Structures are given as C-alpha cells and as structure tokens.
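Visitor: Sequence:
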Amino acid sequence: MKIIKTKDYEHMSRVTANLLSAQVIMKPDCVLGLATGSTPVGAYKQLVQWFQKGDLDFSEVTSVNLDEYKGLSPENDQSYRYFMNHNLFDHINIRKDHTFVPNGLEPDAEKACDDYNKIIHDLGGIDLQLLGLGNNGHIGFNEPSSSFEKEAFFGPITPQVPASVLQLHSDVTVVGDEAALSMLPH
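Read in this note's numbering, the sequence shown has 93 at position 93, and its numbers run on one by one without any break.
These aren't lab readings, by the way, just hints derived from the structure by calculation. This one's a predicted model, so the numbers in the text were calculated from it and none came from an experiment. Take these hints with a grain of salt, some might be off.
[Said to hold, decoys possible] Now the in silico label distances, taken between C-beta atoms and shown as ranges:
no.	residue 1	residue 2	range
1	Arg14	Asp108	37 to 47 Å
2	Ser38	Lys70	18 to 28 Å
3	Lys7	Gln49	18 to 28 Å
4	Gln78	Ile119	18 to 28 Å
5	Asp108	Lys2	37 to 47 Å
6	Ile3	Leu105	17 to 27 Å
7	Lys118	Arg14	14 to 24 Å
For each residue, glycine too, the CB sits at the ideal point set by N, CA and C.
Please take these sequences and the hints and turn them into a complete structure.
Guide: Following this line, the structure appears as structure tokens:
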C-alpha cells in the first residue's frame, strides 16, 4: 500500500486529480470508478479546469459510480447521478451513455446489484477506483461491520472499519491530508 500525505485538502485534491488524469492520458478508453460526497469534489473541479484548458480528453472514458440512493430518480438533486452530472459530467466531454450509476429506481435491489455487476463485468472491470473514506472507515454505503462477500449489494447498515479491507488489495494508493492520516504510524 502506497500512502501519499498531503498538507491540506486542496493539495490532496490536486494529487488525486493527477492520479486520475494520468490514467486518462495513459489509457484514453479507461474505466474509472468514481465516488461521491465532499471528498472528491476538489479533484473533480481540478479535472474540469484541466479539461477546459485542453489538457484532458474524456471522450473515450467510461465511468462507473459506487452507489446510489434507492428510490431517487437521476433528476432528484439528492441523487448521486445528479451529483456527478453537477460536479463533473456536465463540465467535461464524457459521453453520458458511458457514465453508469446504479439504478436507484429498480424496485428489486438484488436485481439492481446484479445488473450493475454485469455492466462492470461487461466493461472488463475498473481500471482505477476512486474512493472516499468516511471518518468511521466506511466506503460508499459499506458501513462498519458490512460483509465483503458480494461485489454489489443492498442491505442494512451495521456498526467496524470497512476501509481496512483495502490492505488486502495488491495496488492501493491512499491520498490524504496530514489531519486525515495523523493516526497512521510514520
């Protein structure tokens, strides 16, 4: 696991945007796994700036998002589809039909998860996944004590540290500011 400690949120956002943009430049048809919430907004703003300057081209990129609220339409301003459109997709040249967010309107949650897993599988997997880690160690809607047995799932939120599972992955880079990484051993 590689750890990049940054001085503050703005620096963390630039470093994160650098990692994402390097993926886009090195593999223009990459599949990016994207996250929502307050953490990635600064990185998304930086990507938009670089796109507007002509430094990045997202025309071949595909994105898959981590999660969506059940019961919300994509047009609802509380949905993650709306969030992604507002913070990134509407400001770059990514094809909307190459942006995937779980279907929050599918009444059968298991079917929604199965359908989404199939999309990711059919795309050949995710080349780079951006995650925001919550104060309690959650990733997306994987709250403490969630099971890691399924790829995508719907279930209850329960109370430990889901982000610790990242240690098992062979290629993880953690980017965080000094405050966020203050508890890690030096």
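Visitor: Would you mind marking each hint as holding or not holding in the structure?
Guide: To see whether the hints hold, each was checked on the structure:
1. Distance hint check: the CB atoms of Arg14 and Asp108 are about 41 Å apart, consistent with the given range 37 to 47 Å.
2. For the hinted restraint 18 to 28 Å between Ser38 and Lys70, the CB-CB distance of approximately 21 Å keeps it satisfied.
3. Under the hint 18 to 28 Å, the C-beta atoms of Lys7 and Gln49, about 20 Å apart, fit the expected range.
4. The hinted range of 18 to 28 Å is satisfied by Gln78 and Ile119, whose Cβ atoms lie roughly 23 Å apart.
5. Separated by about 39 Å at the C-beta atoms, Asp108 and Lys2 satisfy the suggested range of 37 to 47 Å.
6. In this structure the hint that Ile3 and Leu105 lie 17 to 27 Å apart at CB is violated, the actual value being about 39 Å.
7. Judged by the Cβ atoms, the range 14 to 24 Å given for Lys118 and Arg14 is violated: they are separated by roughly 35 Å.
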